[in-house]
Amino acid sequence: MEIRKTDTVVNLHSRPWSAMMVLVVGVFVIIFGIALSISVGAANIQLSTVWEALVHYNPNRTEHAIIQDLRLPRSLADVLVGAGFAVAGAIMQGMTRNPLADAGLLGLNAGSAMMVAVCFAFLPGLSYNSLILFSFLGAAVAAGLVYGISSLVRGGLTPVRLVLAGAAVSALFTALSEGIAIHFQLGQELAFWYAGGVAGVKWSQLKIMFPWIAAALIGALLLSRSITLLSLGDEVATGLGQKTTLVKMAGTIIVLLLAGVSVSAVGPIGFVGLVVPHVARFFVGIDYRWIIPCSAVLGGGFMLVADIGARMINPPYETPIGVLFALIGVPFFLYVARKGRREFS
Amino acid sequence: MNGVERRKNVQRLAVLAAFSVLILIVFVISMNTGFSRLSPLEVFQTLFGMGTEKQELILFEFRLPRIVISLLVGAGLAVSGCIMQGISRNALADPSILGVSHGAGVMVVLYLSFFPTQLDVPVLFLPVLAFIGSSLAAALVFGLAYEKHEGLLPTRLVLTGVAVAAGLSALMTVLSLRLSRELYQFVAVWLVGSIWGTTWDYVLALLPWIIVLFAFVYYKALVLDVLSFGKNVATGLGASVSKEQVKLLAAAVGLASACVSVSGGIGFVGLIGPHLARRLIGPNHKYLLPASALAGALLLLTADTIGRTILQPSEIHAGIVVAIIGAPYFLYLLARSNH
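From first to last, the protein sequence lines are chains E and Y. The first sequence begins at 1095 in our numbering and counts up one residue at a time. The second sequence begins at 463 in our numbering and counts up one residue at a time.
It should be emphasised that the hints constitute simulated quantities derived from the structure, not laboratory data. A virtual CB, placed ideally from N, CA and C, is assigned to each residue, including glycine. Worth double-checking, as some hints may not be accurate.
Stated by the list, open to error - DEER-style ranges, computed between Cβ atoms: (1) E:Val1121 with Y:Ala712: 49 to 55 Å; (2) Y:Val695 with E:Phe1426: 32 to 38 Å; (3) Y:Tyr608 with E:Gly1333: 38 to 44 Å.
Said to hold, decoys possible - Chain E regions said to be covered by chain Y (calculated; three or more residues, Cβ under 8 Å): (4) 1207-1217; (5) 1259-1271.
Excised from the complex, chain E in its bound form:
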């Protein structure tokens, strides 16, 4: 008993050294991952050629063109989007004190995916910037629905019921976008994108995505102290002099931004936001000032590695990355659902 008690005490403290390690190792993994991700694929490219293409770009060489136009934006998108989903998940888990929160599970991804389908159908040729805006709106509608239902219930929904509400909202929006896709014969275009198409990301998209995600991530870091307080419960946070409503609003906007932008680029990928913050919490403890940056780094690295895996499982075909995450995420979800509540309370 004694030993177990000390164990939990250690777990509850934040561990800056461990967090620093995670950050450093994570950044190395990302750098190495980007190099690897550029070199593997339908055409294998030597690492030395990769370096050459980055330093002395020669547009006449096919390999250089592949690297600059396809592989590099894809790898960078992996990192950005992975960080986005993971931080969105971390903030949601902290704010709602719900170990099962994740943008995919709570229906946010399905909401923005539906808005993208609507844009494809009714507003073809929309600029990518406006697409992001619509995607953001879709995520907001879904979040509004789930939280609206939660607030209708006295005392709020339990974590499990929140997930169920998310599943139903997801089912609704997925059905709507399927309907739109079938009626407007967009099935082909959307299907690939739904399955998590990191492959199609272009520089132009990346340029628009980057400032949004970067701004949201910085916002998340600024907010991280308040989120730690919120994760102790509303009463405690209020007692410590925090404006909980304000923090929750800001947090929600950041989550919607991260989820909306990420989905508009690569489609609704679930479970990243569920798994990564748990891994981060395992290493660094309960302080969101460390959980959020570590989630960002780990999420980026995780996504990158998964994307490399997706290309290598069944070459030359690509396995949709969303599917890969579902296969990893589901057992993890079951594990958290069984054990997680104790950890959090």
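Position chain Y against the provided structure of chain E, taking the given hints into account.
Below, chain Y alone, put in the same frame as chain E:
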């Protein structure tokens, strides 16, 4: 039997009759709608054997089998949901929410990926395969939600089901990527849920399962009543709880997999059908089971008819229509039942 009881019985019969009349009305509407227009008069003439050859072809070979299958599938899924809700005492249980349908889907896709050329042959064989798949999924979900001393944990059951369903549909997508284009399309449609088996062969493959299993479940109606009081009361009343649970679950899984093997993973029918029925007719399974069957049949037939007509000439799969109706209802139930 006292007066109150008798009045209740009349009420229940009235509900059943109302459902039947509604089904009949939708049936007639459904017969009249479709890609090629037939006037109601022509439909009746053809039904009584006085139509042209083309009209007969349209009605007897295209529309009628599809309608019959919608009815059977709707009824089967609703009864399956009704049983699952009864034995798990969870108002949110349903074959597709619990991932049971997805288990069947994985088996069907596996079969197709190994014997891709024989899409026509295994009609009678498909329900059996689907049954194996959904039994495995059900065993997994129910096994994970079972605690030794507490029996089935209702909330964990649904949560596990949602996760297993997500995992299995991912697995299906992976399997289908290796398949040909048509089969990929087939899997996509399957996941949405659509009445795709629309010949009399499928009716023949489905009918015996539905009849036999429904008869068995109806025979067990009293046991279901007892089980829905919870493990302790049921044991006290002399039911061997685990044994009966397994038997009834097997029947529910059988019904679901037979339906799913011709309709794909249509969700929410097994949820809404029984709920509607329970509201109108009360918790007594002797009446609840047939009422659920009728409600489910009505729901799916209506959804399929709407899907066929609303965006002609393209067709909305029945599963989408049902989800658009069903998801808000599910949310409503969730919001109500939290406390």
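A quick look at each hint next to the structure:
1. E:Val1121 with Y:Ala712: 49 to 55 Å: 54 Å, holds
2. Y:Val695 with E:Phe1426: 32 to 38 Å: 37 Å, holds
3. Y:Tyr608 with E:Gly1333: 38 to 44 Å: 41 Å, holds
4. 1207-1217: violated (count 0)
5. 1259-1271: Since 9 is at least three, the answer is holds.
Violation of the numbered hints given earlier is confined to hint 4; every other hint is satisfied by the structure.
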